[in-house]
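Could you put together the complete structure from these sequences and hints?
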Amino acid sequence: MSERKFDHGSPIMETGLQFGSTSFGPRTNASEESSDDSTEAYREKVENLKDLIGNLNRQLNSEKIRAQAIDTVTNLLQEERKLNRKLEDELNRCKDELKALKGRQFRMDPSEMDQQSSELESVKNENISLMNELRYLSIDPAKMDEILKECDLLKMKMSDLSTELTQLKEENLRMKQILAMSSEEKQCEISKLIGQLDETKQKGKLNDVLFKSLSDQIQVLQRRLHQTDATCQQLLFELKQHRTQANQGGGSGTAGMAGTSAPTLPSFVQTEMNIPSLGINHVASEERVKVLEAQLKEVNQKWKEYDSKRNTEFDELKQELQKKNQKLAEASSQLSEKQQEEIDRLLLQYKRQIDGIETDKEKLLDENRKLRVELNTLVKDNEKVENRLKSLLRQKQNKTSEGVSSSSSEEIQLLQWQVRTFGEDFQQEKSDRERAEQHVKDLEKQINAFKIRLSSMERERRNWQRQHHYRSNTGLIQCDDDNDIDIDAVEMPQPSSPPLILTGRGLYQSDCGEGLDEVDQTSDDVIRCPECLTEFPKSCHSDLLRHMNKCLK
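First residue of the sequence shown? That's 1 in my numbering, and the numbers climb one at a time after it.
Careful, some of the hints might be misleading.
[Claimed, not checked] Below, in silico cross-link-like pairs of lysine-lysine (DSS-like), each with a Cα-Cα straight-line distance of 27 angstroms or less:
{"no.": "1", "residue 1": "169", "residue 2": "361"}
{"no.": "2", "residue 1": "82", "residue 2": "380"}
{"no.": "3", "residue 1": "451", "residue 2": "351"}
{"no.": "4", "residue 1": "550", "residue 2": "351"}
{"no.": "5", "residue 1": "370", "residue 2": "149"}
{"no.": "6", "residue 1": "95", "residue 2": "318"}
{"no.": "7", "residue 1": "380", "residue 2": "64"}
{"no.": "8", "residue 1": "351", "residue 2": "157"}
{"no.": "9", "residue 1": "363", "residue 2": "155"}
{"no.": "10", "residue 1": "45", "residue 2": "324"}
{"no.": "11", "residue 1": "82", "residue 2": "318"}
{"no.": "12", "residue 1": "324", "residue 2": "304"}
{"no.": "13", "residue 1": "155", "residue 2": "370"}
{"no.": "14", "residue 1": "203", "residue 2": "50"}
{"no.": "15", "residue 1": "82", "residue 2": "205"}
{"no.": "16", "residue 1": "82", "residue 2": "169"}
{"no.": "17", "residue 1": "169", "residue 2": "50"}
{"no.": "18", "residue 1": "304", "residue 2": "318"}
{"no.": "19", "residue 1": "363", "residue 2": "157"}
{"no.": "20", "residue 1": "169", "residue 2": "550"}
{"no.": "21", "residue 1": "441", "residue 2": "82"}
{"no.": "22", "residue 1": "380", "residue 2": "363"}
{"no.": "23", "residue 1": "351", "residue 2": "176"}
{"no.": "24", "residue 1": "309", "residue 2": "205"}
{"no.": "25", "residue 1": "390", "residue 2": "192"}
{"no.": "26", "residue 1": "50", "residue 2": "550"}
{"no.": "27", "residue 1": "351", "residue 2": "155"}
{"no.": "28", "residue 1": "176", "residue 2": "45"}
{"no.": "29", "residue 1": "318", "residue 2": "205"}
{"no.": "30", "residue 1": "205", "residue 2": "192"}
I should point out that these hints are in silico values taken from the structure, not numbers from a laboratory.
Next comes the structure, spelled out in structure tokens:
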């Protein structure tokens, strides 16, 4: 297919070569200005990437702190679980003692019970105060598994954030390498891209011309085929009429009967077969008809083969044209301004999402601080309670030793009082535990709400990455057959174009499209610094550049 030659395509090849040879002359100065502008844009992108890396580092540190806090909370919950088990064992022991003392209850003297009532009331008040201090420490041990699962999820998120951080660091290094390139290397790359774009455009034009010429040839062949088909149909119709007339002439008898004359063939049959009358060479005419039918079948078979070959060649040319269009789209997408504007818009949108995540993170950090303060208070209260319990145990041991030495009645009275106090304490502890379980349920609802918000943010981030990776090609150009572009009529951009002006948030004025509602549009008379938003007049462009160099450092 590539070895075919078309006479009508030679002038287009000459014009294409002339265009390719003369198109690189006036672009040298423009390429220098575009290289300077591209260095500024790359510098701004590097600064944005540094900010993103810093934000991700802070986020990683905060997540580490939160994971440590959750580990400490889990340890405290495990200790509390052990303490609850000890208390349950002590309660069971007290129940056993109560059962043993029920038989001895009626044998005690009431006068001895009145003597120690004041001491029993004081001990009872102390036990009530201790139970009030312990009510916030009674947490359901069944919730430990959910807290451990949350710890695992936070660790997985920390690993994901670390991988994203490494990817951003690699991209930052790549951008630094691009910035470190000299202006000559940048100019060479830009000239290579421009040359590739021009070559792809020339090849596309040539393919369009070849496609058009081939379609014209196919139409001519189709018209000829229709004409031959019509002539063949006419021949068959006339041959059928000839046969019917021959059959009618044979049934009448002889050809020289009076009052009748022999029918004659049409003019084209007489010229082809050279037959003066139908009654003379009827067998030869039938053989000639058979030969013509065989030739017609052969011609139809050849036309079928030609149609199949033509369709295959047309499909191959169509595939080749699609490949060239894809290459042209890839080359044009590298230099398309629309794609650059889309990238800037997505960067701004992602930055806003990061700001929202940062605000949510600050709220979570405040809640973490509050929980840490409550944890410290609970630890201090727990230490106080442990010390108080130790002192009470010492007092109990002392009192038991004194009771053994004094009398058995005092011991029985003291044990009865302890049974009553333990029963009251058990009821109060039960109510306190129910209140604590309700508080834990409220906290779990808040944690679930935060998990839902985090999952929605993660889905938004994945959707953004998917759109950024599988975005559509924006450099395709549709050229109709009636609106072909003349290559010599294309005007090249002059180097005397006005300089690019920086707008808000690190974008140039040429990158700010009308459809980008998220980018702040500044006025024509004032220019703002993207870092500190300091305003400069339009005429003081050099002052703005010097200010930006200082501000970015």
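Hint-by-hint comparison with the structure:
| no. | hint | in the structure |
| --- | --- | --- |
| 1 | 169 to 361 | 23 angstroms, holds |
| 2 | 82 to 380 | 18 angstroms, holds |
| 3 | 451 to 351 | 22 angstroms, holds |
| 4 | 550 to 351 | 23 angstroms, holds |
| 5 | 370 to 149 | 22 angstroms, holds |
| 6 | 95 to 318 | 93 angstroms, violated |
| 7 | 380 to 64 | 25 angstroms, holds |
| 8 | 351 to 157 | 20 angstroms, holds |
| 9 | 363 to 155 | 20 angstroms, holds |
| 10 | 45 to 324 | 32 angstroms, violated |
| 11 | 82 to 318 | 78 angstroms, violated |
| 12 | 324 to 304 | 30 angstroms, violated |
| 13 | 155 to 370 | 22 angstroms, holds |
| 14 | 203 to 50 | 42 angstroms, violated |
| 15 | 82 to 205 | 83 angstroms, violated |
| 16 | 82 to 169 | 47 angstroms, violated |
| 17 | 169 to 50 | 9 angstroms, holds |
| 18 | 304 to 318 | 21 angstroms, holds |
| 19 | 363 to 157 | 18 angstroms, holds |
| 20 | 169 to 550 | 24 angstroms, holds |
| 21 | 441 to 82 | 21 angstroms, holds |
| 22 | 380 to 363 | 26 angstroms, holds |
| 23 | 351 to 176 | 21 angstroms, holds |
| 24 | 309 to 205 | 25 angstroms, holds |
| 25 | 390 to 192 | 85 angstroms, violated |
| 26 | 50 to 550 | 17 angstroms, holds |
| 27 | 351 to 155 | 24 angstroms, holds |
| 28 | 176 to 45 | 10 angstroms, holds |
| 29 | 318 to 205 | 14 angstroms, holds |
| 30 | 205 to 192 | 20 angstroms, holds |
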